[in-house]
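Undergrad: The listed protein sequences correspond, in order, to chains A and B.
Residue 90 in my numbering is what sits at position 90 of the first sequence, and the numbering runs on without skipping anything.
Residue 1037 in my numbering is what sits at position 37 of the second sequence, and the numbering runs on without skipping anything.
Treat the hints as calculated values from the structure; they're not laboratory data.
Please note that the accuracy of each hint is not assured.
Some but not every residue of chain A turned toward chain B, in silico, with C-beta under 7 Å [what the hints assert, rightly or not]: (1) 88; (2) 91; (3) 479; (4) 506.
Even glycine gets a Cβ: it sits at the ideal position worked out from N, Cα and C.
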Amino acid sequence: MIDQIDLSMVDWSRAQFALTAIYHWLFVPLTLGLSFIVAIMETIYVRTGNPEWKKITKFWMILFGINFAIGVATGIILEFQFGTNWSNYSWFVGDIFGAPLAIEGIMAFFLESTFIAVMFFGWNKVSKGFHLASSWLTAIGANLSALWILVANAWMQSPVGMEFNPDTARNEMVNFWEILFSPLAVNKFLHTISNGYVIASLFVIGISAWFLLNKRHQLTAKRSILVAAIFGIITSVFLAFTGDGSAYTVAQRQPMKLAAMEGLYEGKAGVGLVAFGILNPSKKPGDGENPYLMKIEIPKLLSILGYRNANAFVPGVDNIINGGYKPWFTDIPEEEREMTYSVAQKIEKGKLAISALRDYKTATKAGDTILAKFSRQKLEENFAYFGYGYLSKPESVVPNVQLTFYSFHLMVMLGVYFILLFIVVLYFLNKGILEKQRWLLWIALWTIPLGYMASQAGWVVAEVGRQPWVIQDLLPTIAAVSMIGSASVKTTFWIFAALFTALLIAEVMIMVKQIKIGPKDGGQK
Amino acid sequence: MTAKQSKSPLGDLGVSQRFRGKQGFRNLNNLKLFSNIWRFYDDGFRAMTVGRKLWVVILIKIFIIFFVLKLFFFPNLLNSRFQSDTEKGDYVREQLINRE
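So that you can see chain A by itself, here it is in the shape it has in the complex (with noise of 0.2 Å):
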């Protein structure tokens, strides 16, 4: 028997999932960035023994604690979710996402949770080395809780370090290390970090501007946009470089997602990157319609960036469609590489699989041990291509290029457009005569939405990329989707929006209000 999945189900529960997932991700980065930046000006302070540094620091520190408040169990609404919408899914992943977020919410949440009460209750109770200590303590507990939940999300990306149990219907983790330290794990944790520690800089500069807009608090404010300014200009840095480093697995693992991020469908050596281009938005795969109205491209970069090889060979939608084609492994040599699969062939090998599961089932319900045996084997062979079982045609792993395309692109200009103002930014205090450049100001001011922007089309560009793969390869979304109707969804889903744009407003008004009244020398708690 077929089961018949009301696809609506499948549409509402993305949907969901994404509307909560970006609503989260708003509060988040905020956290991770100004964390760090509330321990370095209390350094300075300590350092020092400046009272101004403490004032500064405990400024930041409040706004610091109304987001970390707001925010705080947004997340574990998606987890409630995977329960509920995605039961099968939640099944099939066993321990490692249980793995995971137990490390979470055991280690790196008890470790924020308790060095925060004493960076706001204990001014002036416990010394300053302690209180310092505990400052940066709560900045690496929140960055350790990020590692985990993105070292799941690496996971399904790119799943390593398991094997799947035809028993249980399980992947069980064989390799804790491989799943940690995977290439795309690391880049995704430190790419997704330095996002929010760029997006800190940009809100501390932009909210210091505005003060030094209404010539108020001017010494806090110069004083604040050094300390972000710096710490941007490391950080967007180190985010440019982890990006590649992103895009570089991202070629190796999901080369369909790249395809898509550049709008490439006819692959070749010495692929240019598309520094900026309009779609041809009624571009289908296998068409042979030029898949641009225009593009700016830089020669051969997209080759560099994906393979480390100029001529190195980028394969298109179609290619990766059609297969025919070695990939460039830069860790396996060109003899070794064996010319790939067509979708259509994977989605053969994908349909054995379901079927030496379903021959697997019968034969141990039934003791016979030589099928089961030869079923297992055959489950094993074929595992690998299991999720393109579900797929009814080839183009059915084309995500949505546009919106991927896009999204990375905006997030690629943005990410260039902060490196430069935190550079024009510092120039100009250096030379003293930040307060006069209104226009600069102003930019800054306005630069800091942009900066969520940047953050939220980068998830986009990681999540949309990869569909339709919930697992990169072994769990296409209709097959992870709990057999429930959409109704209860719909529902939840308006709640949500209801819910989480309250709290957005409560936090914009009780920081607003915050901002409006400014450094106090005894602060508020």
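Following the hints, position chain B against chain A.
TA: The following block gives chain B in isolation, referenced to the frame of chain A:
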């Protein structure tokens, strides 16, 4: 000599035999430690201004998340339908086979 008759601080506190001697000293230190920690949090929460508003937001949010959303809208599907891991595994395996 009873605790009340003693001139020692332990007697003034009316503290029992638990807090006498070496072990008693350790017990007293532990009690002081917990007391200090409690006072630390108590003073901190009482002195809050912005924090009080934030705590109201946190508590409302957590109530909605755990006692409304989780209870009424997000039951764990597998836990609510099946008792054992074997049953859950069999169900998911059927799903994986039949979704083809």
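Undergrad: Each hint: holds or not?
TA: Verification of the hints:
no., hint, in the structure
1, 88, "5 Å, holds"
2, 91, "4 Å, holds"
3, 479, "5 Å, holds"
4, 506, "6 Å, holds"
Hint violations for this structure: none, all hints satisfied.
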